[in-house]
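Participant: Using the sequences provided together with the hints, build the complete structure.
Same order as they appear, the protein sequences are chains A and B. Every number in my numbering is 452 more than the matching position in the first sequence, counting from 1. Every number in my numbering is 452 more than the matching position in the second sequence, counting from 1.
These are computed hints drawn from the structure, not numbers from a lab. Predicted, not measured: the structure shown is a model, and the values here were computed from it. Mixed in with the good hints, there may be bad ones.
EDC-like, lysine to aspartate or glutamate: derived pairs with alpha carbons at most 16 Å apart [claimed, not checked]:
no. : chain 1 : residue 1 : chain 2 : residue 2
1   : B       : 496       : A       : 842
2   : B       : 865       : A       : 512
3   : A       : 501       : B       : 873
4   : B       : 789       : A       : 842
5   : A       : 501       : B       : 866
6   : A       : 498       : B       : 842
7   : B       : 523       : A       : 780
8   : B       : 523       : A       : 781
9   : A       : 501       : B       : 842
10  : B       : 498       : A       : 842
11  : A       : 519       : B       : 781
12  : A       : 519       : B       : 785
13  : B       : 519       : A       : 781
14  : B       : 523       : A       : 785
15  : B       : 789       : A       : 513
16  : A       : 523       : B       : 866
17  : A       : 523       : B       : 781
18  : A       : 519       : B       : 788
Protein chains: 2
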Amino acid sequence: MNEIATKLNEIIKNDNSNVYELLTDIGKNMYFPRGILFQGAEAKRKADKFNATIGIAIEEDNPMHFKQVYKYFNNLTPKEIFNYAPASGKENLRHLWYKKMIVDNPNLKGKQVSLPIVTNAITHGLSISADLFVNEGDTVLIPDKLWGNYNLIFGVRRKANIIHYPTFKGNGFNIDGLKNAIKNNENQEKMIIIFNFPNNPSGYAITEEEGKKLVSMINKFTDQGKKFVIINDDAYFGLYYEPEILKESLFSYFANLNERILAIKLDGVTKEEFLWGFRTGFFTLGSKGLTEKSYDALQQKIMGIIRGTISNCSMPSQSIVEKLISSDDYRKEQQEKFETLHNRYTEVKNTLKNSKYKEIWEPYPFNSGYFMCLKLKNINAEELRKKLLDNYGVGIIATSDSEIRIAFSCLSKDSIQDVFETIYKCAKEIK
Amino acid sequence: MNEIATKLNEIIKNDNSNVYELLTDIGKNMYFPRGILFQGAEAKRKADKFNATIGIAIEEDNPMHFKQVYKYFNNLTPKEIFNYAPASGKENLRHLWYKKMIVDNPNLKGKQVSLPIVTNAITHGLSISADLFVNEGDTVLIPDKLWGNYNLIFGVRRKANIIHYPTFKGNGFNIDGLKNAIKNNENQEKMIIIFNFPNNPSGYAITEEEGKKLVSMINKFTDQGKKFVIINDDAYFGLYYEPEILKESLFSYFANLNERILAIKLDGVTKEEFLWGFRTGFFTLGSKGLTEKSYDALQQKIMGIIRGTISNCSMPSQSIVEKLISSDDYRKEQQEKFETLHNRYTEVKNTLKNSKYKEIWEPYPFNSGYFMCLKLKNINAEELRKKLLDNYGVGIIATSDSEIRIAFSCLSKDSIQDVFETIYKCAKEIK
Numbered sequence: 453m454n455e456i457a458t459k460l461n462e463i464i465k466n467d468n469s470n471v472y473e474l475l476t477d478i479g480k481n482m483y484f485p486r487g488i489l490f491q492g493a494e495a496k497r498k499a500d501k502f503n504a505t506i507g508i509a510i511e512e513d514n515p516m517h518f519k520q521v522y523k524y525f526n527n528l529t530p531k532e533i534f535n536y537a538p539a540s541g542k543e544n545l546r547h548l549w550y551k552k553m554i555v556d557n558p559n560l561k562g563k564q565v566s567l568p569i570v571t572n573a574i575t576h577g578l579s580i581s582a583d584l585f586v587n588e589g590d591t592v593l594i595p596d597k598l599w600g601n602y603n604l605i606f607g608v609r610r611k612a613n614i615i616h617y618p619t620f621k622g623n624g625f626n627i628d629g630l631k632n633a634i635k636n637n638e639n640q641e642k643m644i645i646i647f648n649f650p651n652n653p654s655g656y657a658i659t660e661e662e663g664k665k666l667v668s669m670i671n672k673f674t675d676q677g678k679k680f681v682i683i684n685d686d687a688y689f690g691l692y693y694e695p696e697i698l699k700e701s702l703f704s705y706f707a708n709l710n711e712r713i714l715a716i717k718l719d720g721v722t723k724e725e726f727l728w729g730f731r732t733g734f735f736t737l738g739s740k741g742l743t744e745k746s747y748d749a750l751q752q753k754i755m756g757i758i759r760g761t762i763s764n765c766s767m768p769s770q771s772i773v774e775k776l777i778s779s780d781d782y783r784k785e786q787q788e789k790f791e792t793l794h795n796r797y798t799e800v801k802n803t804l805k806n807s808k809y810k811e812i813w814e815p816y817p818f819n820s821g822y823f824m825c826l827k828l829k830n831i832n833a834e835e836l837r838k839k840l841l842d843n844y845g846v847g848i849i850a851t852s853d854s855e856i857r858i859a860f861s862c863l864s865k866d867s868i869q870d871v872f873e874t875i876y877k878c879a880k881e882i883k
Numbered sequence: 453m454n455e456i457a458t459k460l461n462e463i464i465k466n467d468n469s470n471v472y473e474l475l476t477d478i479g480k481n482m483y484f485p486r487g488i489l490f491q492g493a494e495a496k497r498k499a500d501k502f503n504a505t506i507g508i509a510i511e512e513d514n515p516m517h518f519k520q521v522y523k524y525f526n527n528l529t530p531k532e533i534f535n536y537a538p539a540s541g542k543e544n545l546r547h548l549w550y551k552k553m554i555v556d557n558p559n560l561k562g563k564q565v566s567l568p569i570v571t572n573a574i575t576h577g578l579s580i581s582a583d584l585f586v587n588e589g590d591t592v593l594i595p596d597k598l599w600g601n602y603n604l605i606f607g608v609r610r611k612a613n614i615i616h617y618p619t620f621k622g623n624g625f626n627i628d629g630l631k632n633a634i635k636n637n638e639n640q641e642k643m644i645i646i647f648n649f650p651n652n653p654s655g656y657a658i659t660e661e662e663g664k665k666l667v668s669m670i671n672k673f674t675d676q677g678k679k680f681v682i683i684n685d686d687a688y689f690g691l692y693y694e695p696e697i698l699k700e701s702l703f704s705y706f707a708n709l710n711e712r713i714l715a716i717k718l719d720g721v722t723k724e725e726f727l728w729g730f731r732t733g734f735f736t737l738g739s740k741g742l743t744e745k746s747y748d749a750l751q752q753k754i755m756g757i758i759r760g761t762i763s764n765c766s767m768p769s770q771s772i773v774e775k776l777i778s779s780d781d782y783r784k785e786q787q788e789k790f791e792t793l794h795n796r797y798t799e800v801k802n803t804l805k806n807s808k809y810k811e812i813w814e815p816y817p818f819n820s821g822y823f824m825c826l827k828l829k830n831i832n833a834e835e836l837r838k839k840l841l842d843n844y845g846v847g848i849i850a851t852s853d854s855e856i857r858i859a860f861s862c863l864s865k866d867s868i869q870d871v872f873e874t875i876y877k878c879a880k881e882i883k
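Facilitator: Here you go:
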């Protein structure tokens, strides 16, 4: 093992040996090399005459660049566009995101967690989590309403043992289903749990009450010797349309709860700030007993993974997000967009009140996010999808043989009634 | 194994079973899911009335976005900035890059290779290569002058057996050194070879003559049952300052040479177009016997890896690179920047003619790229580096105990003589 990796492991072990034991082989072996980047950082501070360490081309104190590129930007300096960002992301952006996180998640205040590390959006955060904490054969618990990419990230790439449990029980989240899934895998000391609220594809976010029950249920299992990695995929954070919803990430509650629980929070500007093409996200972690030294050690391992897969993330995206979230109008614009989506959500809810639809479908619980799902009654979802496309020019997603997903995020409020009416009409023809 | 993966494997096996056998476990198991993305693509073509499949938010036929973000861009539509790019990259950009590749590498013309797939720059291309073709324990041959990140990508992450050979023999590339390294690992049927010309850190690119010898030397080993994956890290492509240099990628020669050789070409706009922070690169592959069907199958596996690690690459970066390389001024601006760097190179060469320097160092061969290296004579490189920083404010990189790297790419022509004089003076003080 590389000696830097050994030192990082010692630091983590000293604070919380459970967290060390949760690391994969890659996680244990990983480190951030002290070579060129380290010497370059030293030169940046001290080389006041000539700095011949930099792996870019410089012209007149700016990164060399084409006019044919710079002309596509406004109000950004060449350095904010063309330079490399650090492997862990722009320092100021990381602090800004941390502050935003505390504002949006008041229960995080005073808890000791890492500074957010910049990722190439949430998928990258998930794959870093998988590299660090999911060894071949490790159990990963995911509800049966899930983003399909979890299978590629945790299953195909990391060969995890993925176990699904039914997402809903009645009109709420199936806490007992998760509890049983944990119980039924008695021989697994280590378990990885993925939470994704608001959920893709169902558009369900847990209530405050459900949140409390979930946290306490999982915490109890640690007495029986279980260790957990709790990954919070907070892609749709903030898009909550009902008052009873838990309006902060479960990360707030798990972050410093128990030495046998490591919590990860994955954020993305992708859905939250409507910047799908930007590829900017954040990876934050916390566990009881970890001090700043351990967070730094874990950060170095994460930086090693980032460097060894994509080196670093987009500089123009980071510079712009930095400016966005420190701008005066940020919250105002965010609120405007929220209201637009909220209105669409309300229109879907109102449309679905029509009792004739009960013959054809039952909506799954939904209260948040971009999507909602319908459970079809004796109608094949794929058949419906094809017929809708071919005969009506209406596109929906078949998420299983009997379920369809409707993205109200991409429908104007005016069109929503029409969409559901068309689905109804087409389904009646099939039935 | 997933049934889509099985089908992809059959297609590849039918064309060239060697390529199938070169795949790793991940490579064999990998596929691109047919789920939401597939249905979404169908809806994009057919849903002319309402499309409720899209996982973004839409407002007035454009991706929803903040004014506080759009104001940082010029001459780009919201779709060119905010939309997701496909997992394989923007289609038009891929065709443009292919055309550029053929112009820059005339020997590629008429050869059957994949369309370039967009990556998050070259590191990502390397890590995709590693996921697809480097299993634990596989032998990877890398010269001893190397970019340190290869160790993280192939060693720490993929647990490859990395073997180094001396980069230089006399004033040229050590073809015999590589030949011996291949010979000495007789029991390894499969070998991965990484070529990086112009080389980081040495700034050496092979000559036409060396290129011919290299290709024929490696090709001969296939008669003895060897199979090769040849990864061409073409990060510094085009920055050639001497007439005898081979001015195209070795990929041109390996791409369709032999059924037992799979060649990969990794490009990045990072160094080549001076867009370090953009994170845009290209992954192209070729082998004898592969038809379009196999290239499509391999592309689906690569798309699966991309989707399972970062989902997709920056949209604004891709849109801007697309516009850049199709602009009239692209080649003109590229030539201007090339000349600036060429002048710095010439200044380094002229400076080093001073015979007094022979007492202190011997330069390694260099003729291209951003960097050059000095072999120090009985002076500790780290001691020199520290003293130079602390006493002279000059930053250099110590690449080993007795070697330093100087990045002339980031020095103005005027400062170059001064930099070497200062290093000389400081080294004399130590000696």
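Participant: Compare the structure with each hint and give your call.
Facilitator: Here's how the hints hold up against the structure:
Proximity of residue 496 of chain B to residue 842 of chain A is assessed by CA-CA distance (about 12 Å); at most 16 Å being required, the pair is judged to hold. For the given pair, residue 865 of chain B sits about 11 Å from residue 512 of chain A by alpha-carbon distance, which is consistent with the 16 Å threshold. A threshold of 16 Å between alpha carbons decides the hint, and for residue 501 of chain A with residue 873 of chain B the separation of about 13 Å falls inside it, so the pair holds. The straight-line distance between the Cα atoms of residue 789 of chain B and residue 842 of chain A is roughly 53 Å, outside the 16 Å bound, and the hint therefore fails.
Taking the CA atoms of residue 501 of chain A and residue 866 of chain B, the gap is about 13 Å. The hint holds against a cut of 16 Å. Taken as a hint, the residue 498 of chain A and residue 842 of chain B pair is honoured in the structure, with Cα atoms around 7 Å apart against an allowance of 16 Å. Only pairs whose Cα atoms come within 16 Å are accepted, and residue 523 of chain B paired with residue 780 of chain A is accepted, the gap being roughly 14 Å. With a C-alpha separation of about 13 Å, the suggested pairing of residue 523 of chain B with residue 781 of chain A holds against the 16 Å cut-off.
With a CA separation close to 11 Å, the supplied pair residue 501 of chain A and residue 842 of chain B stays within the 16 Å bound. With a C-alpha separation of about 7 Å, the suggested pairing of residue 498 of chain B with residue 842 of chain A holds against the 16 Å cut-off. At roughly 9 Å between alpha-carbon atoms, residue 519 of chain A and residue 781 of chain B fall within 16 Å of each other, so this suggested pair holds. Distance restraint check for residue 519 of chain A and residue 785 of chain B: the Cα-Cα separation of roughly 8 Å lies within the 16 Å cut-off, and the hinted pair is therefore satisfied.
For the hint pairing residue 519 of chain B with residue 781 of chain A, the CA-to-CA distance comes to about 9 Å; that is within 16 Å, so the pair holds. As the CA atoms of residue 523 of chain B and residue 785 of chain A are separated by approximately 13 Å, the hinted pair is consistent with the 16 Å bound. Restraint check for residue 789 of chain B and residue 513 of chain A: the C-alpha separation of about 15 Å stays at or below 16 Å, so the hint holds. Note on residue 523 of chain A and residue 866 of chain B: the hinted pairing is violated, with a Cα-Cα distance of about 29 Å set against a maximum of 16 Å.
Between residue 523 of chain A and residue 781 of chain B the CA atoms are separated by roughly 13 Å; this keeps the pair inside 16 Å, and the hint holds. Distance check on the hinted pair: residue 519 of chain A and residue 788 of chain B sit about 11 Å apart at the alpha-carbon level, within 16 Å; holds.
The structure fails hints 4 and 16 (numbered hints given earlier, in ascending order).
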